[in-house]
Amino acid sequence: MSALEEPSALAKAVKAVVLTACCAVVVVPFLGIVATSLASREDVTNAGGFVLIPRSINFDAYQAILSGGVVTRAVLVSLFVTVAGTLLSLTATTLLAYGLSRRGTVLHRPFLLVVLMPLLFTPGIIPSYLIVKSLGLLDSYWSLILPVLVNVFNVIVLRAFFMELPGEIIDSARVDGAGDGLILWRIVLPMSKAVLAVIALFYAVAYWNSFFSALLYLNDTAKWPLQLVLRTYVVNQSQLGVDQLGSGAELPPAEAVQMAILVLSIVPVLLVYPFVQRHFTKGVLIGAVKG
Amino acid sequence: MTARTGPSRRQRFSRDRFLVLAALPGITLLIVFHYVPLLGNVIAFKDYQPYLGILESPWVGLANFEGIFTGDPVFLNALTNTLVITLLQVIVVFPVPIALALLLDSLVSERLKRVVQSVLYLPHFLSWVIVVAIFQQMLGDSGLLNGFLREHDLATVNVIGSPELFKALITSQVLWKDAGWATILFLAALSRIDTTLYEASAVDGAGRWRQLWHVTLPGLRGIIVLLLILRLGDALTVGFEQIILQQAAVGAEASEVLDTYVYNNGILAGSWGVSAAVGLVKGLIGVTLVLGANKLAHRFGEQGVYQR
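These protein sequence lines map, in sequence, to chains A and B.
Taking this note's numbering, I'd label the letters of the first sequence as residues 1 to 291.
Taking this note's numbering, I'd label the letters of the second sequence as residues 1 to 308.
Please note that a few of the clues may not be correct.
[Said to hold, decoys possible] Examples of chain A residues toward chain B, derived with CB under 10 Å:
no., residue
1, Cys-23
2, Val-27
3, Val-150
4, Phe-212
5, Glu-255
[Claimed, not checked] Only pairs whose alpha carbons sit at most 20 Å apart, straight line, appear in this in silico PhoX-like list of lysine-lysine:
no., chain 1, residue 1, chain 2, residue 2
6, A, Lys-133, A, Lys-223
7, A, Lys-15, B, Lys-295
8, A, Lys-12, B, Lys-113
In case anyone wonders, no lab produced these hints; they're calculated from the structure.
Ideal Cβ placement from N, Cα and C applies to all residues, glycine included.
Just chain B, with the same shape it has in the complex:
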């Protein structure tokens, strides 16, 4: 061992024993329910037979990945839906909280601001089951919207059960549930912008819109980049609970995404190996995207998720 001043390893153990013991239950749980399942991904390379178990099931090489790389139409459909939904969420859902935060931040009355915040944060704390049920009541066949249309002798629309409207429906559900909550980070970033910058720019003759462009948005840039990177890491993860709840009404064609594919094929239909392979590829792509985006952010001089 290298010569080292300070307490020996044993002394450090006895000095820090409370801290080590305190961390142990949590560490154990993470190992059992996170790291062991990570190893369990080996079944992606096996013909998993439940009665044989993970270790005894025969190896099959890359056979389970075949469908993914040879363009199995069912898999491709799930992948396309996933990407379309992700794109919709980045384009439609992502900017809304920023706009909402700017609007809230510009309110003069602190009290009013707090009331609006409490109302808009609330849906974030409701489960997807509740959100879906609420949307059914509003937009379903016997819901509020159609009740209103019927009363005025207008044509009714079945928003809940039509495949063409499905992606718009789930996008609006995400907005309803989380747009308010997502403002919390932007509001914090806004409150950190140095007010003297506004005063200085006002002295230089900048109007409201120029201030927004030259002071406010640059102040938000770091957090916007951070959240976009994190979103990218989840590019292949889109509203699993939300979709599985509503899949029956619109069918797989419109609604199957990678996560539902894994669940339907693996847990329900018993193709364990193939589903695990899809899950594994999905996870790997997610990590790659986060790391790549982070590198890009560093190149542009942003902090990103972690520092170099």
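Just chain A, with the same shape it has in the complex:
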């Protein structure tokens, strides 16, 4: 009996069933959410709330939440924080990782220690809150960005990647008279596009999804990002009234509105995901397995 033979038909069938079930558990809820967001009042009533297969399709819920009002504003806030935060994070992370990527430079060891220590000890909710407060960042969008601008884990991943780039190219550039800045810009960055894409996605997702820092630092509900609006109007089921929605027309069913907000919060992730995911393994593993 060779163990390298084709698996038995039974084994194949079991695998197929298990994997299909796993995928269905992920996919079916999405379909249901999209279906409910597109459903009419009649559909919602018939289904008793959640619709899996809508009989008719209308975009009233989307129109209601996207024509000004609470949800529209929250989407804009989240987009702004995500874009600004990701750009700043990517810049600071790249510079820090590059600054630490060459052994034997001055301050290399103390800087490395500063970066590694946070992995061991997190400061805790209360002191973090107090620092943000004493810097006067409460109720400012900076409070969502600055405290999490540099993610230590991402720095380590990127530094490991930089250190594995072929040294000969960098050395020859230096012989040709290029400074460290030029080397970073012209040689290191172009060679690191894939891993930078993954790290940008990690940051972007973290900013887009950030919920607790907004809950902690933003008392002004007018400044709320999408995740807090989601919590209030979808998880806690507060009703969105006409005054919170943009349109003055007849309200679409509450369930459709809720699911439309949910879809809106998932779509940006779905849009970026396919472009980045083929790099995942490369990006994640450098830091994790090789350490």
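We have chain A; now place chain B onto it with these hints.
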């Protein structure tokens, strides 16, 4: 100074000035938002008064820690819940990605493998708010499950609002969100196992299950130990956002964990000192656990998180 060949300190500064300047913004941010708050933990030893500030507030010694060590029931409840949830996650959640990775790895078709991976990784990128909302739609009162049960005249279950089911609920949420994503590391470790080992064991007459036991699992051992150590370091950190979102529905008795205790008592109720003390003890225990587990791993000949 000792006699030293090579460039002087000043020369090295000027040689490396770009690298130092590049690192500075990041280093500054880490100091301000990580190291300064670490110092801020002194309020655990103070009667913190917001209008006095950290420095002016009076020292109270270990008074804030009293509740922790004298067994304040509210604190004990939070601690018990935390430990139960951690235990559930190690026993129930930890093995699933390993099994899933083995299953994916055994697929013959590369294409199919990639499709399944893309689907299973996705929930990792959704926020807890979204995950909780999705579970409400599936398992809530007017959700899919109860809709189905009602249609067939069966008794409905309120999974979302019952305290007895809370721990099972959050465990299944963690599974749904991250089990797929966690396979990524195991899959990489599997792809690194030398295929000649399989061939050799097959020649020696080992069947599939023996190969799994003698080749595959030893190949995964390093990464399993590493992840268990890291999990141990987070033993007292369990799903903060996830729990705070669902706490209202089930009450504190079933759902209060150390992190929510710190938030509810400190930020919301204003007992800053006591909450900071709990946070500090929690952090110290976490570090101790990681270092201890790592030492243990070294003793068993594993690499652990860092090398000796």
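Consistency of the hints with the structure:
{"no.": "1", "hint": "Cys-23", "verdict": "holds, 5 Å"}
{"no.": "2", "hint": "Val-27", "verdict": "holds, 6 Å"}
{"no.": "3", "hint": "Val-150", "verdict": "holds, 5 Å"}
{"no.": "4", "hint": "Phe-212", "verdict": "holds, 5 Å"}
{"no.": "5", "hint": "Glu-255", "verdict": "holds, 8 Å"}
{"no.": "6", "hint": "A:Lys-133 x A:Lys-223", "verdict": "holds, 17 Å"}
{"no.": "7", "hint": "A:Lys-15 x B:Lys-295", "verdict": "violated, 39 Å"}
{"no.": "8", "hint": "A:Lys-12 x B:Lys-113", "verdict": "holds, 14 Å"}
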